[in-house]
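**Q** Using the hints, put the two standalone chains together into the complex.
First to last, the sequence lines map onto chains A and B.
The first sequence runs 1 to 258 under our numbering.
The second sequence runs 1001 to 1307 under our numbering.
Hints were generated in silico from the structure; no laboratory data involved.
Some clues are possibly wrong.
[To be verified] So these bits of chain A aren't anywhere near chain B, every CB distance computed over 12 Å:
1) P40
2) P69
3) K77
4) V83
5) F87
6) F93
7) E127
8) L136
9) R147
10) E164
11) A168
12) M185
13) D203
14) H212
15) K243
[What the hints assert, rightly or not] FRET-style restraints, in silico, Cβ to Cβ:
16) A/I237 to B/H1096: 38 to 46 Å
17) A/I237 to B/L1165: 47 to 55 Å
18) B/H1096 to A/M199: 37 to 45 Å
Heads up, the beta-carbon is just placed ideally off N, CA and C, and yes, glycines get one too.
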Amino acid sequence: MTAHTLLRVSQVGKAFGGVQALKDVSMTLNRGEIYGLIGPNGAGKTTLFNCLTGLYVPDSGEFVFDDQPLISSAPDKTVRQGVARTFQNIRLFANMTALENVMVGRHARLRSNIISDILRTPFNRREEQTTEDQALQLMRYVGIAHRAHDLAKHLSYGDQRRLEIARALATQPKLLCLDEPAAGMNANETDGLRQLIEMIRLDGISVLLIEHDVQLVMGLCDRIAVLDYGELICEDIPSVVQKHPRVIEAYLGSGAHA
Amino acid sequence: MDIFLQQIINGVVLGSIYALVALGYTMVYGILGLINFAHGEVVMVGALVAYTVMTALLPTGLPPVLLALLALLVAAPVCMALAWIIERYAYRPLRHAPKLAPLISAIGVSILLQNLAMMIWGRSYHAFPDILPPLHYDIGGAQITLLQVVTILLAAGTMAALAWLIQRTAMGQAMRATAENPAIAALMGVPVNRIITLTFVIGAALAALAGLMVGANYSVAHYYMGFMLGLKAFTAAVLGGIGNITGAMLGGLLLGLIESLGGGYIEDLTGGFLGSNYQDIFAFLVLISVLVFRPGGLMGERVSERA
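In isolation and in its complexed conformation, chain B is listed as follows (with noise of 0.2 Å):
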């Protein structure tokens, strides 16, 4: 079996999902330049939703891809309201406010909603149905699964619908407005409330999306699985240029494959002293170096002056 090539599609599902997650802060942050600490919680919100639907309904007999379905159809609605009552109650109030107000009630929003989620789902760790028979394809060398290869074009096609949408429609053309100056869109007409309003909807229904990509290709869901995979997704955004739609997109590829190469080979690397269960190090080792080396990240421009 080729490693390197099994790591490189590992990286892909990984950077995919990733993306889908960087998206969520990446288009809010273009937007109210805020850092939307919760989004995290949210894309955990939209795993467990969906866990519990498709549990719930695994003695009807149907086919566990409409199963999934289903859940998507249950989990995106959630955390899309979710998103809403979040922006409504925890960020609009401290619109004018300084920028450290929002953040800290962001890093509230995360606990809160982490122990609701415990509250709701236990303490433990949930085992997600396999959504997909467990076929796989041999490509050089390597394994790519049936679910490997939806997740990726999945996560593709929905990137690629949302770049549409940014780019070709009005609501997108408003979008780009607001997050240029709020301020001078109003006065052209657009309703910026009801656009950032959007924004946080968008990401969530992604976060949902990914919650179930999350479930599916890692088998588990639990209360604290957004803390970890929301702080990898900020990096992968940070890393691409935050508030730059396609540097999420590029990010969250680039830091899928550098965790996952990295954990296949930390071992060889440091002669067996470190295993590849430290491959959480190489995402941090990348935010550091970025925030040190290339603030504005791969395609961003100044940050700082904004931050």
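Just chain A, same shape as in the assembly (with noise of 0.2 Å):
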């Protein structure tokens, strides 16, 4: 593993019942990048994306984030490590308001425990002052901060993404990995996330991005991976990735290039 190496993935696999939703998947992910992960529905992009972040536990190999083996089945201790995510439907605290859902994000980092929080400590107050501080700023970041105090449930779809968004930078993550963020999105709402996913990578946090918006990927990704029927077929930059035979055969069909 080189320096610039923040994740690899060695032969991860995981089957479901008799579906193998991933075969000996590998790939490797450099600091500053933003890579790419596309394939046919069901070609196993999001059971990547749980296993990576310990919703599941693969049944082989592992993954390797910043020198350290993350540790499968404890999404808690995967986001300390700097693993971050968003869902394709997007899963809010619906019930909390938007400045909330950032907040608690924000508490794979706190340190308070439920005594000082009883004690009202200096140090529990400082830090809570902290976290709505550094929660507002994230969600001027994302450019939201007018609905803070909106319920998560009542803001808009757009909006809604670019909370998750928020809410999963606040974990501080090393790696944002975003699953499908520009789905349901009008063209002046993708363009507006390229921006924001640019911002977030010259701020020196690595995106892992699945997206169907094939116009998005190739535009914004260093590289790309591209999984079929769970192997992954392809790796590599976007202009390569366009031309591979298999990728077109994946996408388009055998019959494609006859």
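**A** Take a look at the structure:
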């Protein structure tokens, strides 16, 4: 593993019943990279995300993140190691305010506990104030600060996507995993999202992006991995991926270049 | 003496206690979707431990208020430890089992605790010592004792503190997030298992206080007291909308009032056919009516899907 490798996925496999959702998937993601993960529906992209973030335990293989093995099946520890994510179908805490959603994201980095909460130690007060300030700052960063005190469920679809990103950023990740962030967005919103992702990368956070919007992926990503039926068929820069025969086959069917 | 006002006062006292216990049910349900039927037994253990501490210390001649305080300082940790054990060994292994399994486990724990309590404290009723001097005040033709005033204020204060904890602190935020979606909360770095344990333990602390209050107000404690009290508090939680904190407080208070007023007037209502010893039927009339007509309770939403 070289110094600029952030995440190494080594021969990860995962089966559900008889379906092999992931087959010996290996890839490496470099620091500061925007890395795309594409593939037809059911190719195993989200399964890989779930294994990576500790929601599923892979059957085989391992993830080495920032020179440390990731602890499977312990999402709250994975996030402390620096991996944060959003979801394909938005999963906010609907009945909490937008600001509170982001503050929950700060939880991974809090050092207060129940005792200091009750005793209201000066440390605790300071930490609470910092938490709120930082949460507000993040909301400004993603551009939805004006909705801070509204319930998450009352935000528009695009704002909810942004809120999810803010919440993930609140955990202070080294790697941000976005699962189809542009799904359901119009061209305008997608463009805003592209700018946001580029800004996040400039701030030193690597991005792993699952996305169906080919234009967005090709324009934004430094490198792209393509999954098909749980197998990695190609990992390269966009211009190469676009011309790769197996990728074309996976997307267009085997008749495409006949 | 004004019977109506008197029954209101009695109802508020009873309701405050129900509310404290109902909070234990509703918090656990809110997070796990589990009805912790052993919670009533935790109240019983709280009452009996408090009783034991107070009678043991009675010969020291300490003022009774101090005895009560010491009793609470022992009973609360005992109940909290008990709740910790129950959650760890009776519920956590069944976390991903079908809903019915932890429910049956809860009933099992309840029976186990009753029998353990019977072995430790015997089958007899224990007379609870007086905590406060028997002072009382007259208001509008009714009487309120000092003990009742303290009970109401203490319950209200505790509930306000709990509301503050849940709404205003990071820990409370983590609890609400876990209640909404444990998997996502974990992904945000919330230590979900610790939050669940904490919920049980806080509920148990409230139960210990409620146990002491029951003992003090009704002067009696015994191994079987948790059963009926637990059912009533559960009713209160359902009435308020199970899973809803404010609902549990409101439901407890309302149920106390309904029972108290119902018990006070049942003789007149039935022309002497039923006496005030039938006051228990009101709680269950309420439970059945809520489940039939408004299963979500007063403040809850669609409970039927989750239950």
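**Q** Evaluate each hint against the coordinates.
**A** Each hint tested on the structure:
1. The beta carbon of A/P40 is kept farther than 12 Å from every beta carbon of chain B, the shortest such distance being approximately 26 Å.
2. For A/P69, the requirement that its beta carbon stay farther than 12 Å from each beta carbon of chain B is met, with the minimum near 19 Å.
3. A cut-off of 12 Å between C-beta atoms contradicts the statement that A/K77 is not in contact with chain B; the least separation is 9 Å.
4. With a cut of 12 Å on Cβ distances, A/V83 falls inside the contact zone with chain B, its closest approach being about 9 Å.
5. With a least CB separation of 8 Å from chain B, A/F87 falls inside the 12 Å interface cut-off, contrary to its annotation.
6. With a minimum CB-CB distance of about 5 Å to chain B, A/F93 fails to clear the 12 Å threshold, and the non-interface call is violated.
7. With 12 Å as the threshold on Cβ separation, the claim that A/E127 sits away from chain B is violated: the shortest Cβ distance comes to roughly 8 Å.
8. Distance to chain B confirms A/L136 as a non-interface residue, since its nearest Cβ pair spans about 15 Å, more than 12 Å.
9. Interface exclusion of A/R147 from chain B stands, the closest Cβ pair being 18 Å apart, more than 12 Å.
10. Here A/E164 does not stay apart from chain B, with its beta-carbon only about 10 Å from theirs, under the 12 Å limit.
11. Here A/A168 does not stay apart from chain B, with its beta-carbon only about 8 Å from theirs, under the 12 Å limit.
12. With a least beta-carbon separation of about 21 Å from chain B, A/M185 lies farther than 12 Å from that chain, consistent with its non-interface assignment.
13. Listed as a non-interface residue, A/D203 keeps its Cβ farther than 12 Å from every Cβ of chain B; the least gap is roughly 20 Å.
14. Remark: the non-interface label on A/H212 is consistent with the geometry, its nearest Cβ contact in chain B lying 23 Å away (cut-off 12 Å).
15. Every CB of chain B is more than 12 Å from the CB of A/K243 (nearest about 37 Å), matching its label as outside the interface.
16. Range check, A/I237 to B/H1096: Cβ separation about 43 Å, and the 38 to 46 Å hint holds.
17. A/I237 and B/L1165 have their C-beta atoms about 52 Å apart, which keeps the hinted 47 to 55 Å range intact.
18. A hinted range of 37 to 45 Å holds for the C-beta pair B/H1096 and A/M199, which are about 40 Å apart.
Comparing the model with each numbered hint stated earlier shows that hints 3, 4, 5, 6, 7, 10 and 11 do not hold.
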